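A.B. asks: Please take these sequences and the hints and turn them into a complete structure.
Using full-length UniProt numbering, count along the sequence shown one by one with no gaps and you end on 320.
No lab work stands behind these hints, which were simulated from the structure alone.
On a predicted model such as this, the values are computed, not experimentally measured, just so you know.
It cannot be assumed that every hint is accurate.
Cross-link-like lysine to any residue pairs, in silico, SDA-like; alpha carbons within 20 Å at most [stated by the list, open to error]:
#, residue 1, residue 2
1, Lys239, Pro201
2, Lys108, Pro143
3, Lys108, Ala78
4, Lys239, Val304
5, Lys239, Pro143
6, Lys239, Arg214
7, Lys239, Asp298
8, Lys239, Pro301
9, Lys239, Asp222
10, Lys239, Val169
11, Lys115, Gly154
12, Lys108, Ala80
13, Lys239, Gly154
14, Lys115, Val81
With beta-carbon atoms standing in for the labels, derived distance ranges [stated by the list, open to error]:
#, residue 1, residue 2, range
15, Thr5, Asp75, 16 to 26 Å
16, Asp159, Arg28, 37 to 47 Å
17, Arg28, Arg54, 11 to 21 Å
18, Ala203, Asp75, 21 to 31 Å
19, Arg23, Asp159, 49 to 59 Å
20, Leu310, Asp76, 28 to 38 Å
21, Arg54, Thr32, 17 to 27 Å
22, Leu163, Ala80, 19 to 29 Å
23, Thr315, Val240, 24 to 34 Å
24, Gly319, Val267, 34 to 44 Å
25, Arg44, Arg213, 49 to 59 Å
26, Glu24, Pro145, 48 to 58 Å
27, Thr6, Asp76, 19 to 29 Å
For every residue, glycine included, the Cβ atom is placed at its ideal position computed from N, Cα and C.
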Amino acid sequence: MAPTTTRVLRLLSLLQDRSYTGRELAARLGVTERTLRQDVQRLRELGYPVHAARGAVGGYRLGQGANMPPLLLDDDEAVAVALAVGLAGDGSTAIADIDASLGRALAKIQQILPKRLQRKVTALRSATAVGPATVGSREPDAPVPAATLTVLAGAIRDDATLLADLAGVETEVEPYRLISWRRRWFLVAYDLGTHAWRALPVADLTEVRSTSRRFAARSLPDDDLVAFVLREVAQTGWKVHARVTVLAPAETVIARINPAVGVVEAVDARTCVLVTGADAMETIAIYLSMLMMDFRVDGPPELVEHVRTLARRYTEAVGG
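C.D. replies: In structure tokens:
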């Protein structure tokens, strides 16, 4: 039987997950149901409201009390919370006056993290930058396993090359930075096969593993790697792309759009070209309507049809 204090903390941890029957809790803790009842009473004396219900669907559950109990997390939960709080403190929230609270919360978490977990969190935090928030429709999420991010961050920290399967082709890269943007992850890396800098969608990488090969840092493609990723995504990172002539100065269009929406090239003082992309042609058509500027679709033909459909719907909506 575990020492009483250890056992009571374990009981508190279990009750933070869900409700348990007395028999389940006793089995988990390796004690008799009588000892379990004594441990429940100890928690109550410490101010934690443990509710008990009788019957077939009864059991023990932790209620809301006057004080917040110790938050007992497993390793993966602790890393996830520390990383999420850290990223929020980097500006991924839009909540005023929260930075100081986030900073204190992160400091408390880091203070009690075991060194093995601190190393994971530090690697992920130092390897990650957050892209800008955007307004309007958003592309479908592309979730990435936490284990994959841990491998990538560790390789970035150790200056180790990575091997990964990308579209069925094994690719070796030098990893430099993780970028989190619009609930997607991108890896800024130098591709040793193509000898080019790339912004790789991490969700597309499988069988990711670091190697024992170390590399010397190269000159980066841009001082701002977030901006580099946004440009790469706008030009090549989407499933569909389009070229649009906008009847406005390039400076006006650049000030109006998010960098990830597209790349703007000046034609003359009053006209520019917008090269843009998305995961669906309908999304591009909607983006263009949000520009609030006159434009002409240069291609592809599928986008022309989507714009015509929107124009018809807008006209019919106002009785035109």
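A.B. asks: Does each hint fit the structure? Answer for all of them.
C.D. replies: Here is how each hint holds up against the structure:
With a CA separation close to 12 Å, the supplied pair Lys239 and Pro201 stays within the 20 Å bound. Under the criterion of a C-alpha separation no larger than 20 Å, the hint pairing Lys108 with Pro143 is inconsistent with the structure, at around 28 Å. Annotation: proposed proximity of Lys108 to Ala78 holds, straight-line Cα distance about 12 Å (limit 20 Å). Of the supplied pair hints, the one linking Lys239 and Val304 holds, its CA atoms being roughly 17 Å apart against a limit of 20 Å.
Proposed proximity of Lys239 and Pro143 is supported: the alpha carbons are some 17 Å apart, at most 20 Å. The hinted pair formed by Lys239 and Arg214 fails the criterion: a straight-line CA distance of about 33 Å is larger than 20 Å. Annotation: proposed proximity of Lys239 to Asp298 holds, straight-line Cα distance about 18 Å (limit 20 Å). A distance of roughly 15 Å separates the Cα atoms of Lys239 and Pro301; the hinted pair therefore holds under the 20 Å criterion.
Under the criterion of a C-alpha separation no larger than 20 Å, the hint pairing Lys239 with Asp222 is inconsistent with the structure, at around 24 Å. In summary, the hint linking Lys239 to Val169 is supported, as the alpha carbons are separated by about 19 Å, within the 20 Å threshold. Distance restraint check for Lys115 and Gly154: the Cα-Cα separation of roughly 15 Å lies within the 20 Å cut-off, and the hinted pair is therefore satisfied. The suggested pairing of Lys108 with Ala80 holds, with an alpha-carbon distance near 15 Å, which does not exceed 20 Å.
Between Lys239 and Gly154, the direct Cα distance comes to roughly 30 Å. Violation of the 20 Å bound is thereby established for this hinted pair. Restraint check for Lys115 and Val81: the C-alpha separation of about 16 Å stays at or below 20 Å, so the hint holds. Restraint check, Thr5 to Asp75: a C-beta distance of roughly 21 Å satisfies the suggested window 16 to 26 Å. Taking 37 to 47 Å as the suggested C-beta distance range, the pair Asp159 and Arg28 conforms, at roughly 44 Å.
At roughly 20 Å, the beta carbons of Arg28 and Arg54 sit within the given window of 11 to 21 Å. Between Ala203 and Asp75 the beta carbons are some 24 Å apart, a value that agrees with the proposed interval 21 to 31 Å. At roughly 53 Å, the beta carbons of Arg23 and Asp159 sit within the given window of 49 to 59 Å. The given range of 28 to 38 Å is broken by Leu310 and Asp76, whose C-beta atoms sit roughly 45 Å from each other.
Checking the proposed 17 to 27 Å range against Arg54 and Thr32 shows it holds: the Cβ atoms sit about 18 Å from each other. Hint check: Leu163 to Ala80, Cβ distance near 26 Å, so the stated range 19 to 29 Å holds. One distance hint, 24 to 34 Å for the beta-carbon pair Thr315 and Val240, holds here, with the actual separation near 25 Å. The supplied range of 34 to 44 Å is met by Gly319 and Val267, whose beta-carbon atoms lie about 36 Å from each other.
Restraint check, Arg44 to Arg213: a C-beta distance of roughly 57 Å satisfies the suggested window 49 to 59 Å. Remark: the range hint 48 to 58 Å for Glu24 to Pro145 is contradicted by a beta-carbon distance near 30 Å. Between Thr6 and Asp76 the C-beta distance comes to about 21 Å, which sits within the given range of 19 to 29 Å.
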